[in-house]
Amino acid sequence: MADAIEVEHLIKRYGDLAAVNDIAFRVASGSVFSFLGPNGAGKTTTTEILEGLRRRTEGTVRVLGLDPWTDSRPLHDRIGVIPQDFRFFEKITPREAIEYYGSLFGTRPDAGDLLARVQLADKAESRFDTLSGGQKQKLGLALSLTNNPEICFLDEPTTGLDPTARRAIWKVIRSLKAEGRTVFLTTHYLEEAELLADRVAIIHHGRIIADGAPSDIIAAYGRPARIRFEAPPALADYLRAHLGLPVTAEDGRVEVELHEKGDVVRILSAAEASGIRWQQFATEQDTLEDVFVRLVGQMDEGTLKTETAT
Amino acid sequence: MRWTRILADFKIVVRSYVRNPVALFFSLIFPIILIALFGLIFSGSGTAVIPMTVLNLDHNSPASQEFMDALNSTSFVKLSFVNWSASSFAANLGANDDTVGLIIPEGFEANFTAHRPVNVTLYTDPEDAASAGQAVFVVSEVTNAFNLKAANGSAILGVNTENVGSPVYTYIDYLIPGLIGFSILTSPMFSMVDIAASYRKEGIFRQLSLTPLTRAEWLSSHILWYMSLTFVTAGIMIGAGIVLFGAHVTVSLGLIPFLVAGPFLFVSLGMLMGSVAKTPESAALIGNIVTFPMMFLSGTFFPVSDFPPGLQAFAHVLPLYYVIDGMNQVMLFANAARALTDVLVVFGIAVVFFLLAIRFFQWRDE
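For the record, the sequence lines run as chains D and C. Numbering-wise (my numbering), the first sequence opens with residue 1 and increments by one. Numbering-wise (my numbering), the second sequence opens with residue 1001 and increments by one.
Hints were generated in silico from the structure; no laboratory data involved. Among these hints, one or two may not hold up.
Derived lysine-lysine pairs resembling DSSO-like cross-links, with alpha carbons at most 30 Å apart [to be verified]:
#1 D:Lys91 x C:Lys1149
#2 C:Lys1201 x C:Lys1149
#3 C:Lys1201 x D:Lys123
#4 D:Lys123 x D:Lys91
#5 C:Lys1278 x D:Lys91
#6 D:Lys123 x C:Lys1149
#7 D:Lys261 x D:Lys171
#8 D:Lys91 x C:Lys1078
Where chain D lies over chain C, by a calculated footprint (3+ residues, C-beta under 8 Å) [unchecked claim]:
#9 1239-1253
#10 1337-1349
Here are the simulated distance ranges between beta carbons [stated by the list, open to error]:
#11 C:Pro1021 x D:Thr164: 28 to 38 Å
#12 D:Glu125 x C:Pro1021: 17 to 27 Å
#13 C:Leu1028 x D:Thr164: 19 to 29 Å
#14 D:Gly297 x C:Phe1026: 29 to 39 Å
#15 C:Glu1202 x D:Asp162: 15 to 25 Å
#16 D:Asp162 x C:Phe1026: 30 to 40 Å
Quick caveat: nothing in here was measured; it's all calculated off a predicted structure. Yeah, the Cβ is synthetic: ideal placement off N, Cα and C, and Gly gets one too.
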């Protein structure tokens, strides 16, 4: 399938500062793509360039085959956007807001259906200024769907929301993908990206430092899976001598790296055979968050090797 | 430009407005307050009634009474009577801060009926020249009338007074077009400058830029709203002027072009001012710099023809001048030709400001 978004050599400068410094990525049609990065990394700038809200300094950007800045009018008929911290007219109700957007786009959305979809049906007649933060975001999401968009841009849609509201929005994002729409999601929450995204890109200081499926990124940049015992250092010595696997001991914990699945059985047998008393064990694996924190840390220290997982 | 989108946005504007009870209350009550306040302040300032202290030494004789009645009937003086002695009269006047006094001498009636010369004495204070002049004029008028009567004569030469212009109009009649102009200027200017700055800050313009609504459509729906509001407030002001002060102004279809073109002009100008400013604070400042001189120097409270020549020339470059002058031509002077010129000027300026506002008002960032 064709790519919904294509970005090459994208640069955005504000004076001398390059907020986005020569990045490239592609988003496949019908996939969920998550754009990650610390605050000020260039996430929102990039997203706004893709949405046609901001002009780029250099590079090529195609969204649904259109240049977002010069073809913003036809593009906006085909994309849906909820910006960060969605705001609307204070005295207007969600139902009126959807009818308003319907009139502007010339579509006839069923306000009741859309609000039910984002779990806001009970607030259909409440004025915007009486809604909670989560309810406002849900209205933003509903409004971004009034024109039946091919791509949904969601800029930190769950920031500041309680766990129930976040899960409600996750459910909508999954259903958008099921309907064949492309979702471009920026978020602070790494587990959200890991859970929802087919592919993620991590941006820091205006550069993409990792790009790929979450599992591939973890495999490429994460530490290997480990088995951990609560046990005295003597166990570490024993295992090191008998297994030929990397073993560390620290704070009453002994960790052994796994190189393949069968290692688990070998390690447990050896521990049992050692006769040394150990309390309990657990297997550990890096999450996207661990990888993210490590990559961002390495870039700040200048020790990052730039390579891209595919 | 699509009417469906303008109307959709107009509905949002109207709802936002009417659901704000404080704003609604003030926009309906404010025109009445304006008319009542300025009507009361200025309508009394025509010809002042001066207080006159009277010492009647002729023991309230019928002739002296008649003289008092004649003074009273001019309605230029208000008499109060004292029983001071003639020798201390001037000193007492000064002690009471009275500036005008009159003594009717003893024997006033006897001398008058016998056709012997007799003088009343008028005391005035040169420091209060206006009252002094008015008192001398009134008392001389009344004594002349008495002389004429004593000579059994009748007036041969008389004066008919006519006002310049069409029917008799008073200050309140001037005030109504002026204050309608005042509200046509102020209510869109202040709120559009504010909207321009706050919608940009809150990201509402960005939000709207993602819809097919264009800036011209958005601005048009606001113009439409302020036109509607202007029709209501103009109606309230005219009604209040008639009910409270008995104003007589002509309400005709000729007023409509001004109630349409005026808001068109000032909504556009307000948006232009709000758009060239970088921050809400500077927007408010620029708005005030543009609004305030226009508020006072366009004939809102006083006819521009009463201004010194320099200020008159300045008034002629203020757009509001043409709105108010045109409404004066329609409501007071029935001068259709000049009203037409005025309305064409207003429409012309409005179109220019509208186009400039659309050009300068960006709802996405570079």
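How the hints compare with the structure:
1. D:Lys91 x C:Lys1149: violated, 77 Å
2. C:Lys1201 x C:Lys1149: violated, 81 Å
3. C:Lys1201 x D:Lys123: holds, 26 Å
4. D:Lys123 x D:Lys91: Given that 30 Å is the threshold and the Cα spacing comes to 13 Å, the pair holds.
5. C:Lys1278 x D:Lys91: Holds, because 26 Å separates the two Cα atoms, which is no more than 30 Å.
6. D:Lys123 x C:Lys1149: Violated: lysine 123 of chain D and lysine 1149 of chain C sit about 89 Å apart, past 30 Å.
7. D:Lys261 x D:Lys171: The given pair, whose Cα atoms are some 33 Å apart, is violated under the 30 Å limit.
8. D:Lys91 x C:Lys1078: Outside the cut-off at roughly 58 Å; violated.
9. 1239-1253: violated (count 0)
10. 1337-1349: Our answer is that it is violated, as 0 residues pass the Cβ test (under 8 Å) against chain D, missing three.
11. C:Pro1021 x D:Thr164: 28 to 38 Å: About 34 Å separates the Cβ atoms of proline 1021 of chain C and threonine 164 of chain D, which means 28 to 38 Å holds.
12. D:Glu125 x C:Pro1021: 17 to 27 Å: With Cβ atoms ~18 Å apart, the hint holds.
13. C:Leu1028 x D:Thr164: 19 to 29 Å: violated, 44 Å
14. D:Gly297 x C:Phe1026: 29 to 39 Å: violated, 57 Å
15. C:Glu1202 x D:Asp162: 15 to 25 Å: holds, 24 Å
16. D:Asp162 x C:Phe1026: 30 to 40 Å: holds, 39 Å
Hints 1, 2, 6, 7, 8, 9, 10, 13, 14 from the earlier list are contradicted by this structure; the remaining hints agree with it.
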